[in-house]
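Q: Chain by chain, the residues:
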Amino acid sequence: MAWKKNPTEDEMSTQDDEPQEAPSPGVPAPLYRDWRGEGFTLLDYVANGNVTVPREYKSQKPFFRFLRKASSDPAFVAELKRLRDAVILTTVREKSPGGITIGLCGADGSEGASTLAILLALSLGECVHRRVALLDGRFNVQRFQLLADILGLSRNSVSIHKGSNEVVGYYNEAHPNVYFLRNAGAERSSHFFADKRLGIFLTDLRQNFDFTVLDLPPILQDTTSLFVVPHLDRLYLVNEAGKTSLSKVAKCVQSVRQAGGQLNGVILNKQRAPLWSKVFWRDFFY
Amino acid sequence: MLNLETLRKRALARLTALPELLYAFTRHWFLLVLCLGVGTGTMVAKVKTDPVVYRGSATLSLNSAAEGLAANLDRRSEAKDDGGRFFTSRVELLQNDSVLRKVVRELRAVNILRQDENTEVVEYGTVRRAINYVRQKLAEAQDFLEHPNRLDTSEDLLIQRAVGSFRRRTQVEPNPRTSTVRIHVFGSSRDAIPKELEKWIQAYRDRLVTMASESRDPFFDARERYWQKMEESALDALESFNKQHPDVSKAAQDLLLKQLFRAELELEDLRRERDSPQLRSLILPDNRQRDPKWEALHSRKLQLEQELIQQEVASGEKSDKANFLRFQIKGIDEELGKLASGPKSDDPEQRVTDLNEQIKKWSLEVESIRERYMTLSSLVEQKDRLVEDVQNTSKTRRDYQDSSQEWAEKIEAMKMVQVGTVDSPTVDFQPVNTYPHRQVLFGALGGLLMGVVLALLLELLSPKVRFKQDIYTEFGVAVIGVLPRR
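Taken in order, these protein sequences are the chains called P and V.
The opening residue of the first sequence carries number -10 in the working numbering; numbering runs sequentially from there.
The opening residue of the second sequence carries number 4 in the working numbering; numbering runs sequentially from there.
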């Protein structure tokens, strides 16, 4: 497995850009500049950038609206940053030199695990000296394409061999420490995760990135995500507050344990809070 | 597998998160509104279909009851000490089963039960009639549950139901400070309520009187009967004695005693006369020995004669000593002869014989009198005992009779004193259930409260992930982040 200078033709990328080289790790990436001349990150860009969703990705419009709305919500961003800090804090005492792999998965779907994975990756990317990768385990081609479009990702970028397949990485020039990885071919999750050399692939990812966020399919819907569970350093279960039932969480915990992995924590998403919590008792809810 | 232990743990863990629990009311606002609506609607339906109920009231003063009872029972101090308890027990007695049973018996159970009926049903519209029908069925079901053998239409059961109905319709408001009780009776018929109140008060009074009479010594009557019987038997014994011995009396005894004395005196006189020395001296020489001088001379003579015999034996008949002794004896004989010459009766022998006969006769007489006297004495003693018995038993019986009379008087007094009626029974002019706003307000509040409780229960027992505590409590996994809903 090695970084490819010239990746293969991507069927998804129709608009052309010159292939660019991946920046060397450790170099501070230039940030976006707003009208005041201050630097801001990809997360800020999602929140504040004047982006229009192309017509061909019309079905992804609600997703993007959602993403943007979440990114522009100060309370949400604050909580997201707390989550990011909590994740980083878990690595502080790590003795191994490589990075960590973080799996995010839902229980039954529609908990917002994908959005959270993207936002967490973007948030982790704000630490410019850390290399962050987001691996799309859902194989949602359209959504990835949209992300690539709105974030202006380079389509001819690095690629990693994974067995017989290849994982292609995309990155933004202005923000080169955040990579978006996807499978080069149209592969199903069962093919991807059932690969015998998945462990080696993840080790390779650890060597190249400080944080690799894996957006995994919901455990109870698609059991293929359990294949990757034993190889992950952290596994977080995303629950929708007030919707995900405790029995499903129990099933997830049991499945993960049976698969040989360990659930390191739970993220409560979409927690409702009353208006008065903005004035007091906010900490009780978040 | 869901079990009670898990639910309990979950609920306890969630109870610690107060703000999130409070948010339950915001989350379940629909439930709150629903319960509010249901509560209000129910009360509105109740108000619309409630039969018109009138309230009759009367005020009773139990203070006089306490004082009266205490005075009658000589327990004033006790009543003062236990005034509160006494008052409470008297108030509790108002709704006692026996009191209410008496009311029901006197007014007839059917009339009592009729007070529960809704007389305005005919004026209702369709909806109200439907609601009323449901209510009636519910009441029937409740009645059936309370009295499973309801189909048994025996008189006793009817009375039982009427007592239950009357108890539900009555209300007692005690005022310990003034020792008064305000009693209320609710019913649909204005005319029947005062009667019910009066009967109730009367039954209460009667019950108090019964209790007072029951508070006597339970063996009092038995003892009284016993002593009556004893008196009768003593009287019978005396009567039969009198029949058997009609002459036995103290006077007869005294008379006999006098006779005895007289006879004994007579006998004594006769004996004295017979034994007089004069008479003896006349008829018998031996009688003279009673004369001391004669006695001394006679004894001297006997002594000298003894000495003479001894002298003759010792020194012969013709000795000087013997002669001298003979001379002395002769002189003494002469003196004795002089002494014997006294007054002489005509026929002293005959006289003594007569006297002896008389003495014998009188002795027999005295003996017979004494014997009669002894017999009479024993009989008189016996009679005295019997009379004493009669007196004692009649006295005891009279005591009991007096006490009984006293008790009866006390009870009669209690009838007047026990319960004072401060306000006589009156019926309010307006029906009591003409305050719909209050009832509806209570219904709304009740509904809201029910909603709050339901919301809390739903929140506490919800099987969904709502609280941060749930995850750690149930799975031991930490929550690393909570993200708000956009």
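There may be inaccurate statements among the hints.
Simulated pairs of lysine-lysine, DSSO-like, Cα-Cα distance not exceeding 27 Å [unchecked claim]: (1) V:Lys467 to P:Lys240; (2) V:Lys321 to V:Lys304; (3) V:Lys304 to P:Lys232.
It should be emphasised that the hints constitute simulated quantities derived from the structure, not laboratory data.
Q: Take the C-alpha atoms of Lys321 of chain V and Lys304 of chain V, compute the straight-line distance between them, and say whether it is at most 27 Å.
A: 19 Å, holds
Q: Run the distance test for Lys304 of chain V versus Lys232 of chain P: straight-line Cα separation, threshold 27 Å.
A: 165 Å, violated
Q: Holds or violated: Lys467 of chain V and Lys240 of chain P, Cα atoms, limit 27 Å.
A: With Cα atoms ~13 Å apart, Lys467 of chain V and Lys240 of chain P stay inside 27 Å; holds.
The earlier numbered hint that this structure contradicts is number 3, and it is the only one.
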